[in-house]
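Q: Put chain V on the given structure of chain X with help from the hints.
Heads up: the sequence lines are chains X and V, in that order. Anchor point for the first sequence: position 26 equals 26 in the UniProt record's numbering, and the numbering is continuous, going up by one each time. Anchor point for the second sequence: position 32 equals 32 in the UniProt record's numbering, and the numbering is continuous, going up by one each time.
Read the hints as simulated data drawn from the structure, not as lab findings. Quick caveat, the model's predicted, so the values are computed rather than measured. Honestly, I wouldn't trust all of these hints.
Short derived list, chain V residues pointing at chain X, Cβ under 10 angstroms [stated by the list, open to error]:
1) G19
2) F34
3) R44
4) R62
5) T78
Listed next, the in silico DMTMM-like pairs over lysine to aspartate or glutamate satisfying Cα-Cα at most 20 angstroms (straight line) [said to hold, decoys possible]:
6) K361/X to D342/X
7) K36/V to D60/V
8) K36/V to D231/X
9) K361/X to D345/X
10) K36/V to E346/X
11) K24/X to E306/X
Quick reminder that beta carbons are idealized off the backbone N, C-alpha and C, glycines included.
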Amino acid sequence: MREADIIVVGGGPAGVSAAVEAAKSGLSVVLCEQRPALGGAIHRQPAEGAAPVAALPSLARRWQSLSAKLSASRVEVRTRRAFVGIDSTGAVLIDDRAAGKVEVRRPRALILACGAVERVRPRPGWHLPGVAAAGGLQVMLKEGRVPEGRVLLAGSGPLLLALAAQMTAAGNPPVAVVEEGDPVSRPLAATRLLTHPFILPDMAVLMMPVLLRRFLWRRGTRLTEITQSADMLSARLRAPDGREERFEVDRIGLHDGLRANDFGLTADPPSGLVILRAGDLREVLGAHAAEADGAEAGREAAARLEGRPSCGSRSAMRRHRALQHRLSRIFAPAQGATVLRDCPDETVICRCEGRTIGHLKEQLAGPDAVSARELRLNGRFGMGACQGRFCSEWALSLMSELRRSAGVPASPPDFAETGVCRWPLRPVALSSLANAGIYDDTRTERHIEGISA
Amino acid sequence: MTAVRTFFWQGIEVPFRAGESVAAALSGANIHGFGKDNAGSQTRYFCGIGACQCCLVRVDGRTTEACLEPVHAGMIVTALEDGDA
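So here's chain X without its partners, still in its complex pose (with noise of 0.2 angstroms):
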């Protein structure tokens, strides 16, 4: 087997619409993916006999003229394989999960579609068993697995609806959505909605069950804290009014919106590889401004190897951003932006490394200036498994927000100056690094080459 020309790595739209448009150029194209099956988090696919999530109208049928079009190509479709990084010789690291060894690979360019992440904001009791990312849970529903029991969704986004409206479609809908959020009392922000024609459809099919009163929409609510006893879950909530009111359940899904996956990337990569970036890895502006982003990368990544000008100037995403800026502007926080420091000193921050918001308070409290990489080095903020991608945003929002209460402005550090910017990219098994190397097959081959020299 030869190295292919492009790697495209992430199996959602804007990694297989990447692969399908540079494969075109009849340049040799594999696409990655870290699960089993191709879909990303937006048309995750069912487990064998579970009834699939109807999609969204705008988004019907996309996923099967993608498939399709993926399978007419020449594109090698290798799954779970996890992106490690690249190392500093350009040679690009892939786990292979099943065979538990890491892929050395060189091909001519990389094309990273990894998608985004979900931000969730510490609250007290967020780190419990039972506590979900929104995004998580709903992973879970798409793969078949619908949450049971009593469910409560928090934080803010339409994700939360999104969610809600396919929990009541397969028959368990959540006991209330908190929203922080007042997109009913922003009338105008919503009728600008209207120069987006494609999502009224989607609206209508998250706002139906709202207006059913399938579940409670708390607008202009935070949930400020999650506490356990028993098997139930309870969460505390504050209305705009001040009022508190408690809900008993089973599981709590959060969303405080969404993060472009790039965390550890370098800024400058080694040079002799071309790197692209597409979809919401690049800017979160959802599926359909991925699946445009992607084919626009796999073209340029075609041309760019091939010497071609490359001729894209990713102009279609400048819609998608207008109509993400008007979302957040819909949603955003009614009680005002949340400010982390009136959180109880217990609140976990750094969940991996069992950090507390009293920890980072205590050593910020020395004499002397702390930096983010201190922060990182010394306090282990961000020094677990998860590489910070939960946890440093908030640390490093944190140390702002208590040095300007010092009286010292500072905005928050940028995430690459806690240092953290080289691979590997996400925890791999030592085993399976120590078995990196060549493909067998590659191997062969250059075997054979030995002996007819």
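A: Just chain V now, with coordinates in the frame of chain X:
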């Protein structure tokens, strides 16, 4: 009718559907806490996409994310804290 396929969680037989993850099958059995990790924190399903590392378990002796690992018949899955022996 096809036989129900099972794997083992802490020595207990748990049924699963072909094509689902260890975490999905455990959730189907109403198992949400996966024991303590090396730092003493409770492990549990969280992000579902292999990013948060909160659902680490041992699968046939190897540490891996329950949310990414496809489950197979007869697979031996244990909590991290019980796999050190």
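Q: Of the hints stated earlier, which fail here?
A: Of the numbered hints, just 5 does not hold.
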